[in-house]
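Undergrad: Add chains B and C to chain A, keeping to what the hints say.
For reference, the chains in residue letters:
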Amino acid sequence: MADNRFFSVSGPFDLAELARRTGATLSDPSCAGRRVRDVAPLDSAGPEDLSFLDNRRYADVFAASGAGACVVAPEFMDRAPAGMALLLSDEPYRAYALAARAFYPEPPPVPISHPSAVIAANAVIGAGCEIGAGAVIGAGALLGARCRVGANAVVGDFVTVGDDTTIGPNASLSHCFIGSRVVIYPGARIGQPGFGFAMSKRGFTKVPQLGRVIVEDDVEIGANSTIDRGSGPDTVIGAGTMIDNLVQIGHNVRVGKYCVLVAQSGVSGSTQIGDGAVLAGQSGLAGHLTIGKGARIAGHSGVMRDVADGATVMGCPAMPIKQFFRGYATLQRLTEEKGK
Amino acid sequence: MADNRFFSVSGPFDLAELARRTGATLSDPSCAGRRVRDVAPLDSAGPEDLSFLDNRRYADVFAASGAGACVVAPEFMDRAPAGMALLLSDEPYRAYALAARAFYPEPPPVPISHPSAVIAANAVIGAGCEIGAGAVIGAGALLGARCRVGANAVVGDFVTVGDDTTIGPNASLSHCFIGSRVVIYPGARIGQPGFGFAMSKRGFTKVPQLGRVIVEDDVEIGANSTIDRGSGPDTVIGAGTMIDNLVQIGHNVRVGKYCVLVAQSGVSGSTQIGDGAVLAGQSGLAGHLTIGKGARIAGHSGVMRDVADGATVMGCPAMPIKQFFRGYATLQRLTEEKGK
Amino acid sequence: MADNRFFSVSGPFDLAELARRTGATLSDPSCAGRRVRDVAPLDSAGPEDLSFLDNRRYADVFAASGAGACVVAPEFMDRAPAGMALLLSDEPYRAYALAARAFYPEPPPVPISHPSAVIAANAVIGAGCEIGAGAVIGAGALLGARCRVGANAVVGDFVTVGDDTTIGPNASLSHCFIGSRVVIYPGARIGQPGFGFAMSKRGFTKVPQLGRVIVEDDVEIGANSTIDRGSGPDTVIGAGTMIDNLVQIGHNVRVGKYCVLVAQSGVSGSTQIGDGAVLAGQSGLAGHLTIGKGARIAGHSGVMRDVADGATVMGCPAMPIKQFFRGYATLQRLTEEKGK
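Chains as they are written, first to last, in numbering that gives the first Met the number 0: chain A, 0 to 339; chain B, 0 to 339; chain C, 0 to 339.
Same shape as in the complex, but just chain A:
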């Protein structure tokens, strides 16, 4: 299914093996020996493919799918077409992810530094690293084992990177410590000075930005996203946090662990975000706020006040989502009454 110029498939696996790797349960144990050769979307999967149903809106596609096997929640069992083997899971998308990773494991780095890469004499490059053409590694930089540095990426002086971390092409890093198993996408900018200057009657006076960026383990930072270093305190991205493309993180921001920052969201300086919070696309947070653990910021919202743990807010200025939609309904009602 996947284009073999770009991806190479492992396997095949039988369903018993896939059940074991995904934590799913075979609805019909007699299918345990059935062979699967690939993963595929419901609408194009064939008899040797594994697919998945995770979104109710695709239930009809599921019911008509030619997939030989499918990961699905138990509630959809009776919608399955005849002959489809079912791997039942309460978390079908997670189970599918694990299956797909069995078929398409990440290839290991090729332990070579391209001759055109420019690596400072006192930089330390861990075992098994792959350094792309034109990449630049600065003085005193430290890379752990099995890192990848993409073509034309720039790792600044004294930057430290853990093990198994990937830095995409054309990305640039400075004044930062990056953990292990971090993925930095192409064009991301990490560690440049924050937007710090004193505005006064006598003009702008720039404030030295003396902090760093600390990116903990297992973080992803999307393409062309920007994370400024702290002004004195550090800017911190907690372990496991997922940052999408074109996201802005200002100086001194602290993002908790396992947060999700969707594309084009932005966080102003010194704001603190609790573990597990989610910022949907194009949302923005003003500076010096505290966003609670597990808080959810709706897409395109602008947050101007603190948000409590677990709260969901929407609008600009953002308010609790129920309040937002009650206001919305009120306005629609009054407008219709006026129209009569």
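Worth flagging that the hints you see were computed from the coordinates, not collected in a lab. Note that this is a predicted model, so its numbers are computed, not measured. Among the clues, some could well be false.
As the list claims (entries may be wrong) - Below, a list of computed lysine-lysine pairs in the BS3-like style, where the Cα atoms sit at most 30 Å apart:
#, chain 1, residue 1, chain 2, residue 2
1, C, 321, A, 200
2, C, 205, A, 205
3, C, 205, B, 292
4, C, 321, C, 292
5, A, 292, A, 256
6, C, 292, A, 200
7, C, 321, C, 256
8, B, 292, B, 321
9, B, 256, C, 200
10, A, 256, A, 321
11, A, 321, B, 200
12, B, 200, A, 256
TA: Same frame as chain A, but now just chains B and C:
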């Protein structure tokens, strides 16, 4: 007019020739032999310059312009200053564009690979390509004829590019097929993995992103814009579509033909956009939506539901633009009443 | 305090010297000889550190701080803990900035061109410039004295740059004139063609973009921000203006002097912005507008009409901020009444 360090002018042309090239009609055929040496804005154009009027708000500037000739809609004829030759067109901006392209044709690529470029031994580079300093072309990549690859750009392994396509400096491409006559601006990121992971009680599980990006012919992709590859299906940008700077396109998105995505707009994963749709600046679309052909999304709007063919929507959540402005008027009226 | 791998500290300075350099007044002249070795945030500063209080919300942290000295407004004097020396200033953040710059002066460029940099034979590089690895300087380009060009940055043909200007890694410039003491952050894109094409029944016709970008002295342009060149007129960024990360500036825009454009804000083509205007984060301006001097655009606002000098606007479409909040209050009140 244009700075000759950056641009070189062709011509001169007489008005008969410009009428022919632009499809416009000379209001006074006796001007057919008048020579024009350049194009210029209304407020600085002189007797040997061609200018244009396209926006009613500049009609006074037109009436006072010293341009020797001007492309204009017939309705503005009688506002023209004495002595100005008029090229009449129902589409004056288009006619001006064609004239400007006569004076300033795109120079052809210089068929050279800079010696510092790193081109894989098995990459295939078409005739007449210009490969800039420090550019990196990966294994198995295919470039058509007369492509330009800017300095320090990175074209990943097995990427395929059509003819006459330009890839700007510092851009990076992977896992994609790019058509002919495509223009990719500096710093654009195409083909990195989409933002795909399963969120569950047991943390985040990354989902392999096994699709590609397909960019059809005649597309433009703005500076620092990001287009993620599909998760299984492809991400597709239809022929002729214009994408401005800092635009985000998520995985599995399908953008139709001749769409316009203005700067800082964003499209979440799996959304489908019909031919000819326009997303104004900073607008955003939620995931898994269907946006109709010719739909128009107002600037700074957030779309959370499907949009019908030809509809114009505004606000967040976006609604039909008339409904939006009726609600807006209602709120203003009620606020004023309260103020009394 | 600051990580000495990334920053090196000057000093120590006594308080008399710091008062002189910052324009602040020592509240107790007997402290004039007290030595200060560093700057630090209130919550971590020790007896040899200088800190500052600028935001009322941190007054309690100030009252409990162990800082040996602190820059503070006179009104907070009596909140100071015992033993803390006070540098009194009406502009404490500015005074702190000046002190921090005494401790952490910007190191001068190292006057070397890395051998992997590609510098056109007829480019002119001023005295004392530092050109990073893999940087590309085009034909006819002119750099003033003491400029820095970061690794893998690309300076296009005939670009002119003043003195003491910094161009970050992976940035790209073309068709532009850049002043002195300008700071261009990593990944910024300056001078690419604007988003200009005629939309007509016969498709899109691209319009040659024949202008330039003029960046005046003392401007900052943030990471991954994009500034398109003019279509005929120039795009101009006035002296002293501060542009944050991921900001979009369309063609023909004129930004005044000492403006502030916060992260992810955007300005559509041909809009003019008066001196001293502030665009907060994620705000956007439609095209062909006039924004007055000192105008303020609230975060996440969308401006569709001209804004008067000194006005503050909010919302989308943006309106005077008082009007916005009166409408907001009206809607909340009506919603609560309905709820009863």
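Undergrad: Looking at the structure, which of the earlier hints fail to hold?
TA: Structure breaks hint 2 only.
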